[in-house]
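Visitor: Using the hints, position chains B, C and D against chain A.
Number of protein chains: 4
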Amino acid sequence: MTEKERDWMKLTADAKGTFAIAPTPFHDDGRIDERSIDRLTDFYEEVGCDGVTVLGILGEAPKLDAAEAEQVAVRYVKRAKKMQVIVGVSAPGFATMRSLAKASMDAGAAGVMIAPPPSLRTDDQIVGYFKQAAEAIGPDIPWVLQDYPLTLSVVFTPAVIRKIVMDNPNCVMLKHEDWPGLEKISTLRGFQKDGSLRPLSILCGNGGTFLDFEMERGADGAMTGYAFPELLIDVVNLSKAGKRDAAHDLFDAHLPLIRYEQQPGVGLTVRKYVLQKRGIIASSAQRKPGATMTATAKAEVDYLLSRVARFDKRANLGPQSSGAG
Amino acid sequence: MTEKERDWMKLTADAKGTFAIAPTPFHDDGRIDERSIDRLTDFYEEVGCDGVTVLGILGEAPKLDAAEAEQVAVRYVKRAKKMQVIVGVSAPGFATMRSLAKASMDAGAAGVMIAPPPSLRTDDQIVGYFKQAAEAIGPDIPWVLQDYPLTLSVVFTPAVIRKIVMDNPNCVMLKHEDWPGLEKISTLRGFQKDGSLRPLSILCGNGGTFLDFEMERGADGAMTGYAFPELLIDVVNLSKAGKRDAAHDLFDAHLPLIRYEQQPGVGLTVRKYVLQKRGIIASSAQRKPGATMTATAKAEVDYLLSRVARFDKRANLGPQSSGAG
Amino acid sequence: MTEKERDWMKLTADAKGTFAIAPTPFHDDGRIDERSIDRLTDFYEEVGCDGVTVLGILGEAPKLDAAEAEQVAVRYVKRAKKMQVIVGVSAPGFATMRSLAKASMDAGAAGVMIAPPPSLRTDDQIVGYFKQAAEAIGPDIPWVLQDYPLTLSVVFTPAVIRKIVMDNPNCVMLKHEDWPGLEKISTLRGFQKDGSLRPLSILCGNGGTFLDFEMERGADGAMTGYAFPELLIDVVNLSKAGKRDAAHDLFDAHLPLIRYEQQPGVGLTVRKYVLQKRGIIASSAQRKPGATMTATAKAEVDYLLSRVARFDKRANLGPQSSGAG
Amino acid sequence: MTEKERDWMKLTADAKGTFAIAPTPFHDDGRIDERSIDRLTDFYEEVGCDGVTVLGILGEAPKLDAAEAEQVAVRYVKRAKKMQVIVGVSAPGFATMRSLAKASMDAGAAGVMIAPPPSLRTDDQIVGYFKQAAEAIGPDIPWVLQDYPLTLSVVFTPAVIRKIVMDNPNCVMLKHEDWPGLEKISTLRGFQKDGSLRPLSILCGNGGTFLDFEMERGADGAMTGYAFPELLIDVVNLSKAGKRDAAHDLFDAHLPLIRYEQQPGVGLTVRKYVLQKRGIIASSAQRKPGATMTATAKAEVDYLLSRVARFDKRANLGPQSSGAG
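Chains as they are written, first to last, in my numbering: chain A, 1 to 325; chain B, 1 to 325; chain C, 1 to 325; chain D, 1 to 325.
Since the hints were made in silico from the structure, they are not lab data. In this text, all values refer to a predicted model and were calculated from it rather than measured experimentally. Misleading hints may appear alongside valid ones.
[As the list claims (entries may be wrong)] Cross-link-like lysine to aspartate or glutamate pairs, in silico, EDC-like; alpha carbons within 20 Å at most:
| # | chain 1 | residue 1 | chain 2 | residue 2 |
| --- | --- | --- | --- | --- |
| 1 | D | Lys298 | C | Asp245 |
| 2 | C | Lys313 | C | Asp302 |
| 3 | D | Lys163 | B | Asp124 |
| 4 | A | Lys243 | B | Asp302 |
| 5 | A | Lys78 | A | Asp106 |
| 6 | B | Lys163 | D | Asp124 |
[Said to hold, decoys possible] Derived, one-sided and incomplete: chain D residues facing chain C with beta-carbon distance under 10 Å:
| # | residue |
| --- | --- |
| 7 | Trp179 |
| 8 | Gly181 |
| 9 | Glu183 |
| 10 | Tyr260 |
| 11 | Pro264 |
| 12 | Gly265 |
| 13 | Thr294 |
Glycine included, every Cβ here is placed at the ideal spot set by N, Cα and C.
Same shape as in the complex, but just chain A:
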């Protein structure tokens, strides 16, 4: 890719659609599984994702050392043909954040994503942190602000988000996963109507649990790890096309499984189990410390898949013969 092409791929506030949050595939012994990274990337492109976000919380990023993190990010970036790749660069310190951000962008990433460290409390601390983080990665890298209080224990008011966005021209996207969060989207879109907030892409997480209404509130799309990104894409598209009932009908068919995946900690095991069952990743193993699925839990997921498949054939993964996990 030429320098010019890469620039064309950079993330902007116009981003919309569905960005899959990618897990990091490991072999059973904990080594990074690069071929599964390739298959995952191809899969996301084939089903129509607009982008993929790697090394997020779901991606077991903290379990990788610095060299491995760069290796995974570059592998995804190099493999993606037309999707934008966003690399999670959250780190306890700015030196590590800067190193990974630079390496990722050099390889052709579209942007990076930054979450707040859990110690932040006051509005000023939050605003100050992101100002320093933006300085650390430098003036050329577009970045995504991650708002995920349930896991990160840092609470952003809409006004704080606005201040961060207005202070930092390179902050082009909000990964929205506050809970509850519907009114937050409405408030931010209201800020834009009253002229106090510049354009900002809002993609929604939380496993997709509220994607149906998030789209109606003004979100630009989804950025989450549900094991059927096809569903996210369809709901986003139906909603944008104004087909409300159809969007909800499809969404509701998947909700029992979405809900099951959205369990903290357990969610990743379920997603890797389903992605393995779909033949995309070779192993559902997590690096330590990681959770495992009981046979009962696997049977519950299989049952949910069979129920989803009554409405959505894509969930028909055939006989439960995968031998997964």
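Guide: Quick look at chains B, C and D alone, frame taken from chain A:
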């Protein structure tokens, strides 16, 4: 009621079925609305609840002063004809806990519920706290252990729950609302199979979000605040009758609304809105500090109700003319 | 006392000097010890305290039920002849806060003190909470804002304190116990110099651990529970008189004991032990859940007292014959 | 150094004395200052420290990227002639922990130190984490368990510490900085008397604030960052020699400064300021995000130094002409 009758009503480890978590109805100006308490109690009995739990977290208990808390508890207890009433007595100190527990039991409550204070961290601190709490309320009051880490930030392992139950003969029930929590139920039931845990009723909360599988894992029923307790009752009964698909079909029809109600903080506003819409409570007002619903949120709930009503006529609340809240 | 006299006693932003934080004395069996309350009150007046604050965190307030809390507050208020009495009214709900505030003021208290509930996170949440609390207690009661992040886990920026003070005319005093906190005092006094903050009394807590420098930074005095309030009074007075070295010399002689008392949780046991040793309270018992002192810890305190006594005779509590509990 | 010599230097449960917690010196522009590392190392050896711990919380470890962390650790290790060097390897993931531990030991470190991640809550989670961490670094590396609940928010009971030590033969030392923590030392030493805990070195942190009594309770020495390690060494030695009053006299002379340094966050700025004033490090700069000292704070520290110098000439740093950063 005679002393003997009241004893018959006391909570035991055999408890099962559906216990509604009741909100506390207020007038628009914040005064307690006793007539709505009466209507709520009658409603829960008419639809077939086995019990009702009052002054829980949903019940805005901390917003009442001591006299009001006793007033609300006694009103529910006196009104209930055949349901068991459990009174939440969690308090920062044992003196307050004891006062309310005694007054409630004197009025005819079946038992009390105790949540851990957020400061507890180690296993020993948790076990020690409940030992002292049990001493504080005295040897004659059956009580429910509330396990709700998302809100209370105290994490109970299954072994800690077992120790609390084995240490305290009056602990007869677990209000289970860990998240994720399915494996916890299986582990506790396993303890009983291996003989290390005595009989214990397990009723599940979390707004009912996992009731379908919780029943299959061995729960005895539901204890939560979903605004259609009829659904909880039906799912519990279908599941007990072994009608798995039917239980899930009905559950799934309600899940979009269950999910909407389960939003932290927002949930209570939705429940009061729906209960008011159903004509059961006069006002959806909360005491300060409380949340309110935007018109958009109300319209979302109305839409969800209309969708549920396609499968479950009980959710057909007629034209959206309630003028609620 | 006439209504007029009581008004004269009301707390204002001019308050200064030393306010003792009083423990709540109990009998060994956990009953409130009213005669010890009287002796404590007399003692604080005799040594020259300007005020006393009751039912604070040190006062085991959450362990009392509503009737007991009122009983303790009123007993202190009635016994005090010339000291101002401030009553801690922090509570999970505004109804309880209002009841105790009203009862205390009716009995003749000078004001009340309010701490934030631990759930508050954002600046707006904090400001909003105190606005509602001020409305709850009504327009006639002066109140103290308690800033104690170590224990309460709520972090106030200086700008948030300013907003609370400017929003609420009855907020006349800051109980300052942030840690570190010296720059906070300087910043607030700077706000007053630049005209953005109205007069505000600042009294310092944290067991007195930084009282030497807090006075130099502009504090108006001390409000804390060190078992030798005489030391606090002397340091405050020496500092105000500009006798810097003398203030530090006396302070430093006590610092080893101040430090020992400032241990979280343990501090109260030490203070009750010393106050009992001084013959002021009858028992060092705490209500459950409470800590106890080992013989080793008592011997350590005795040793520290003997060392302080080399410089300050008031710490000479005679032979270690107290038989204290 | 030969392989054999390095083995002789490995940390064991017999370790005692004073281990300085070393800051990481930076140039004003944030680059690592290797010459100051050398001077610091020499200084610690010259005053008689038994060891030095690098890349701890005080060492701004999270602000370094992986390559820098290794660079700093190796520089300290290579420079130390006779002191044991312990390297803090706490990290969000085991891969990073293992990489740094291996590189440090290869260079000649005596052992590593591991702190718990803040997410741990239950006893089982804590025990399980350290089992996995020990597996991650492998069977040949002695390690120090860091118990620091104030900053890390993880609470270890004495029984949990015992279990970790008994489960992991390479856990040879406890860095004790619970607060309060005196009874914890007594309890652990009691476990050893009753035979349930094997030998374990206990070195104490918390800025030295309780070192006087910690030694009397059975600690083996100090491991903390007070800017006068000479004082720590003297107190440890006087205490071991049974010279109780002399130990306290010297300790008390320093306590006002120890207390000032022990302020969270601020402490590091004070220590770097004093070490720069002593001519050991070239700049007091911290990497971002970092605190700075106001002129008032510097003057307070200068005043405290002048007061300490009345008793301990080593604190006489001459005219306040350092021009320190």
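Visitor: Under the criterion that the straight-line Cα-Cα distance not exceed 20 Å, is the pair D/Lys163, B/Asp124 satisfied?
Guide: holds (14 Å)
Visitor: Please verify that hint: D/Gly265, Cβ, nearest Cβ of chain C, below 10 Å or not.
Guide: holds (7 Å)
Visitor: Does the nearest C-beta of chain C fall within a distance shorter than 10 Å of the C-beta of D/Glu183?
Guide: Status holds, d = 6 Å.
Visitor: Hint validation: D/Tyr260 versus chain C, beta carbon distance must be below 10 Å. Holds or violated?
Guide: This interface hint holds because 8 Å falls under the 10 Å limit.
Visitor: For the restraint on D/Thr294, tell me whether the closest CB of chain C is nearer than 10 Å.
Guide: holds (6 Å)
Visitor: At a threshold of 10 Å, is the proposed contact between D/Gly181 and chain C supported by beta-carbon distances?
Guide: holds (9 Å)
Visitor: Checking hints one by one. Is D/Trp179 an interface residue toward chain C, by the C-beta closer than 10 Å rule?
Guide: holds (7 Å)
Visitor: Keeping to a limit of 20 Å between CA atoms, is the pair of B/Lys163 and D/Asp124 held or broken?
Guide: holds (14 Å)
Visitor: Let's test the interface hint: is any C-beta of chain C closer than 10 Å to that of D/Pro264?
Guide: This interface hint holds because 7 Å falls under the 10 Å limit.
Visitor: So if I understand the rule, the pair passes when the alpha-carbon distance is 20 Å or less; does A/Lys243 with B/Asp302 pass?
Guide: The given pair, whose Cα atoms are some 18 Å apart, holds under the 20 Å limit.
Visitor: Quick one, are A/Lys78 and A/Asp106 close enough, alpha carbons at most 20 Å?
Guide: Holds - the C-alpha atoms of A/Asp106 and A/Lys78 are around 11 Å apart, at most 20 Å.
Visitor: Between D/Lys298 and C/Asp245, is the straight-line Cα distance small enough, at 20 Å or below?
Guide: Judged against 20 Å, a Cα distance of about 17 Å means the pair holds.
Hint compliance for this structure: no hint is broken.
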